[in-house]
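Enquirer: One rule links them: number in the numbering used here = place in the sequence shown (from 1) + 6.
These aren't lab readings, by the way, just hints derived from the structure by calculation. Fair warning: this is a prediction, and the values are worked out from it, not measured in the lab. Be careful, since some hints might not be right.
Unchecked claim - The list that follows gives simulated cross-link-like pairs (lysine to any residue, SDA-like), each with its CA atoms no further than 20 Å apart:
1. Lys57 with Gly41
2. Lys44 with Glu56
3. Lys87 with Lys51
4. Lys97 with His108
5. Lys51 with Val35
6. Lys57 with Arg45
7. Lys97 with Ala84
8. Lys44 with Arg28
9. Lys97 with Arg109
10. Lys8 with Arg28
11. Lys44 with Met61
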Amino acid sequence: MKIGSFIIGGLAGAAIAMLIQRNPQMSAVASSIGGNVKRRMNGWKDDAIEKGLNMRFASSFRKSPQASSSTSVDGADAIEKLISQDPEVGKEVDAILGENGHRRN
């Protein structure tokens, strides 16, 4: 952008601000327009957040129940393997399960 365009835009903005400030009716109109813009922007923001959350949760419900159960079995097998290799891990797992009111089988 050229510096001349920037200066002309700044002067035009300052002139409009002075007109709005001196005329109470224009000030009320500008305030009303500002409120409308604010409400519309908040509405767009809320819509975007809602769509994002719906996409996130919808993708988690599309997974099949068999896939999640096999994953938990694989995870449990991996933990048991880790416990058998390192007794300190077994102690930590027992402590965590004890805090939650469970026992390791």
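Enquirer: Next pair to validate is Lys51 with Val35; report whether the Cα-Cα distance is within 20 Å.
Expert: Violated, because 24 Å separates the two Cα atoms, which is more than 20 Å.
Enquirer: Holds or violated: Lys87 and Lys51, Cα atoms, limit 20 Å.
Expert: violated, 48 Å
Enquirer: Please verify whether Lys57 and Arg45 have alpha carbons no more than 20 Å apart.
Expert: holds, 18 Å
Enquirer: Does the alpha-carbon distance linking Lys44 and Glu56 stay inside the 20 Å limit?
Expert: Given pair Lys44, Glu56 holds - Cα atoms ~18 Å apart, limit 20 Å.
Enquirer: With a cut-off of 20 Å on the C-alpha distance, tell me whether Lys44 and Arg28 pass.
Expert: violated, 24 Å
Enquirer: Decide if the proposed pair is consistent with the structure: Lys57 and Gly41, CA atoms, cutoff 20 Å inclusive.
Expert: Status violated; Cα separation ~24 Å.
Enquirer: What's the verdict on Lys97 and Ala84, does the C-alpha distance respect the 20 Å limit or exceed it?
Expert: holds, 16 Å
Enquirer: Is Lys97 within 20 Å of Arg109, Cα to Cα?
Expert: At roughly 12 Å apart (the allowed maximum being 20 Å), Arg109 and Lys97 satisfy the hint.
Enquirer: Checking one constraint from the list: CA of Lys97 to CA of His108, max 20 Å. Satisfied?
Expert: With a Cα-Cα distance of about 14 Å, the restraint between Lys97 and His108 holds, given a limit of 20 Å.
Enquirer: Take the C-alpha atoms of Lys44 and Met61, compute the straight-line distance between them, and say whether it is at most 20 Å.
Expert: violated, 26 Å
Enquirer: Taking only the CA atoms, is the gap from Lys8 to Arg28 under or equal to 20 Å?
Expert: violated, 31 Å
The structure shown violates the earlier hints numbered 1, 3, 5, 8, 10 and 11.
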